[in-house]
Structure formats: structure tokens, C-alpha cells
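Enquirer: Put together the whole structure using the sequences plus the hints.
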Amino acid sequence: MNTVARVARYFGIPVDVLLGRSRKAPIAHARQIAMYLLYRKGWTLLTVGEELDRNVHTVWHGVRHIEALLRNGDTETLHDLAALERKA
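Residue numbers (our numbering): 1274 to 1361.
Honestly, the hints are just simulated from the structure, not real lab data. There may be inaccurate statements among the hints.
To be verified - Restraint-style ranges between C-beta atoms, simulated for each label pair:
hint : residue 1 : residue 2 : range
1    : 1323      : 1279      : 14 to 24 Å
2    : 1323      : 1348      : 28 to 38 Å
3    : 1301      : 1348      : 12 to 22 Å
4    : 1326      : 1279      : 13 to 23 Å
5    : 1341      : 1296      : 10 to 20 Å
6    : 1348      : 1319      : 23 to 33 Å
7    : 1345      : 1289      : 24 to 34 Å
8    : 1301      : 1351      : 14 to 24 Å
C-beta: ideal position from N, C-alpha, C; glycine also.
Expert: Here is the structure:
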């Protein structure tokens, strides 16, 4: 299962909704988690953007947002990433 599908399944969001244009917080957060995981796998910002149909600036913002949550010790984000990495 690819990263995007794994994130969608973990958060209980259909893949088409995750890839859609919704800006609702739970969906946007899941999308940013997917961006972060793909970027950490070594994908370029451009490639992540192409996969998620987003521009480079949106991807960069998403990755930085997740990094900020991690720096601040957000336990929910830490838990989500740990669970998703175990399922990889």
C-alpha cells in the first residue's frame, strides 16, 4: 500500500478526499502528514506536489507545519507518525 493510501486509511478518509481541495482541519492535517512522510522518504517537494496535486509552496508549508508540531512535542502527531511508520 502506498503512503497516501496508508495515511488515508489510518485517518479514515477516502483517498479522493485526502487528495481533494478540502481545507477542513482533520483532512488538511492528514494531507500534511502524507506530505511530511513522502518528503522524509527522500521525495523532492516538486514530486510530492505532483503526487498530491499541490504546488511546491503548499508542500513546503505542510512539511514545515508538521516539523513545527514535532519540535513542540505534539503527542498526537508523534503518535500518528509512529503508527504510520510501523505500518510501512
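Enquirer: Compare the structure with each hint and give your call.
Expert: Tested hints:
Taken as a hint, the range 14 to 24 Å holds for the pair residue 1323 and residue 1279, whose Cβ atoms sit roughly 19 Å apart. Remark: the range hint 28 to 38 Å for residue 1323 to residue 1348 is upheld by a beta-carbon distance near 32 Å. One distance hint, 12 to 22 Å for the beta-carbon pair residue 1301 and residue 1348, holds here, with the actual separation near 19 Å. Between residue 1326 and residue 1279 the beta carbon distance is about 18 Å. The supplied range of 13 to 23 Å therefore holds.
For the hinted restraint 10 to 20 Å between residue 1341 and residue 1296, the CB-CB distance of approximately 18 Å keeps it satisfied. Checked against the given bound of 23 to 33 Å, the beta carbons of residue 1348 and residue 1319, roughly 32 Å apart, stay inside it. Between residue 1345 and residue 1289 the Cβ separation comes to about 31 Å, which falls inside the hinted range of 24 to 34 Å. In this structure the supplied range 14 to 24 Å holds for residue 1301 paired with residue 1351, their Cβ-Cβ distance being about 18 Å.
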